[in-house]
Amino acid sequence: MTHIEVIDYLSEHLETSKAEMRRLMDQSTSVITQILDREYAITLPRLGTFNTKKRQKRRGFHPRRKQFMMLPQRRVVSFRAGTSLRNHVKNMRVGK
Amino acid sequence: MIGRMTYADLLQTVTEKTDASKKQVLEFMRGIVDAIRYGLERDGRVVIRGLGRFELRWQESRLGRHPVTGEEIEIPAHSHVHFKPESGLRKFINRKYSHLKLKILSEQNEDDSQVIRIEPIPVPEEREQRESSADEESRHRKRTMRWLWLIPILVVIIFLIWFWPKSPDGSPETDTNSESAVPQTVEKQSTPTDEKPDTEPFEGIPRRTHQIRAGDRLWEISTRYYGNAYLWPYIHRENAASMQDPDMLEIGKTIAIPPLARRPGQLSATDKINIADGYLKVYLAYQQKNKTMRHTYLWVAKQTGGEAVLEEYTGQIDEEDMIRASALKGNVMIH
Chain A
1 MTHIEVIDYL SEHLETSKAE MRRLMDQSTS VITQILDREY AITLPRLGTF NTKKRQKRRG
61 FHPRRKQFMM LPQRRVVSFR AGTSLRNHVK NMRVGK
Chain B
1001 MIGRMTYADL LQTVTEKTDA SKKQVLEFMR GIVDAIRYGL ERDGRVVIRG LGRFELRWQE
1061 SRLGRHPVTG EEIEIPAHSH VHFKPESGLR KFINRKYSHL KLKILSEQNE DDSQVIRIEP
1121 IPVPEEREQR ESSADEESRH RKRTMRWLWL IPILVVIIFL IWFWPKSPDG SPETDTNSES
1181 AVPQTVEKQS TPTDEKPDTE PFEGIPRRTH QIRAGDRLWE ISTRYYGNAY LWPYIHRENA
1241 ASMQDPDMLE IGKTIAIPPL ARRPGQLSAT DKINIADGYL KVYLAYQQKN KTMRHTYLWV
1301 AKQTGGEAVL EEYTGQIDEE DMIRASALKG NVMIH
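Those protein sequences? They're chains A and B, same order as listed. Okay, so the first sequence: first residue is 1 according to our numbering, each after it adds one. Okay, so the second sequence: first residue is 1001 according to our numbering, each after it adds one.
Pulled out of the complex, with its shape left as it was, chain A reads as follows:
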């Protein structure tokens, strides 16, 4: 399902214009991004929790250069599906 399909789905189900949905979509993703950027976690009911975690610098191997290198520290976004979503998808088997 692409982004456009999501917008279409929303405007169909909520009976609002696509432009309005696109605006709301942009705003809500940017708000979620801001929340994550401030190192807060956010849980959407029936979906799951978005969070950020710190990754320490670590030694990695560059397979093409055949060299070990130090990968710098970074932050990653994590998503953990909630119980409802986990049970929902448990028995789905799409495309393998």
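Check before you lean on any hint, since a few could be wrong.
[As the list claims (entries may be wrong)] List of simulated lysine-lysine pairs, DSBU-like, C-alpha gap at most 30 Å:
no., chain 1, residue 1, chain 2, residue 2
1, B, LYS1103, A, LYS54
2, A, LYS57, B, LYS1022
3, A, LYS18, B, LYS1101
4, B, LYS1272, A, LYS53
5, A, LYS54, B, LYS1022
6, B, LYS1101, A, LYS53
No lab work stands behind these hints: they were computed from the structure.
For chain A, the structure is supplied; the task is to place chain B on it using the hints.
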């Protein structure tokens, strides 16, 4: 993670940012969740621009352990949701680490305290590299050896200039230059270069401006414009309004270089008083920073400007500093 944002907070923030009502936003957020659930069911993958991609992944059954009892159990095959954040989101979250780069490690574990840039050139075979670096090293050594014979000659020349009686080249500017060190320590030294007649005609130093570049120090700026590093508090005094901390310079800012009626070596009385005032200003700044060597500035101010200068600041001078300052001996390099 610092904390958790509640769903209500999220709805509130989105409502404030758009003209939609609270109810509309709530319905919309529920709609997104529904869309994701529906999309996962239909295609097994949903893309939300600005966030990332939700994907179904199949997990074959495997053996695991019960977290409490420790007994071996079979985890049945199932699907789970995998979320891959968009590269824009990843970059945004990591923008404060964006200056960090990969660092190549040799086979042995080297110290990994610093992270540096990689050269974009693919590295040739190890043997070649070692040879080339050895070559370069020997070349470098030869280069330095070529210049070594100059050093004794230079030393002789410097000695000649230093001890030449009434040499016209030995102006006081060069004397102070060669003695670059921390001001505090030099002020305490009793150096014999206290006076040398300047043969140049009497001429002051005009007002100038200086734009601060990276690596600039007041000490060096003073040497450059006055030929005497010890006059740096005078520059600081002129710019005191825009320069709170005498130890900090703002790159790109233009500072004023105040004029002198006569060159250092024959400073006029008013200039001396102003310089002493500059030293007092630095003393007061260092008093606030609680610097240990602050009393030396008090001492220099007293030596150059006399007791009268100190009277202006009677309330602000610490008595203990005054006692420590009066115990100092030596010559001041401001004439």
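Is it true that the CA of LYS1103(B) sits at most 30 Å from the CA of LYS54(A)? Given pair LYS1103(B), LYS54(A) holds - Cα atoms ~19 Å apart, limit 30 Å.
Does LYS54(A) pair with LYS1022(B) here, judged by a C-alpha cut-off of 30 Å? Distance of about 34 Å is beyond 30 Å: violated.
Holds or violated: LYS18(A) and LYS1101(B), Cα atoms, limit 30 Å. 42 Å, violated
Holds or violated: LYS1272(B) and LYS53(A), Cα atoms, limit 30 Å. Not satisfied, since the Cα-Cα distance of roughly 60 Å exceeds 30 Å.
Satisfaction of hint between LYS1022(B) and LYS57(A), Cα-Cα up to 30 Å: 43 Å, violated
Checking one constraint from the list: CA of LYS1101(B) to CA of LYS53(A), max 30 Å. Satisfied? Holds - the C-alpha atoms of LYS53(A) and LYS1101(B) are around 19 Å apart, at most 30 Å.
Checked against the numbered hints given earlier, this structure breaks hints 2, 3, 4, 5; the rest are met.
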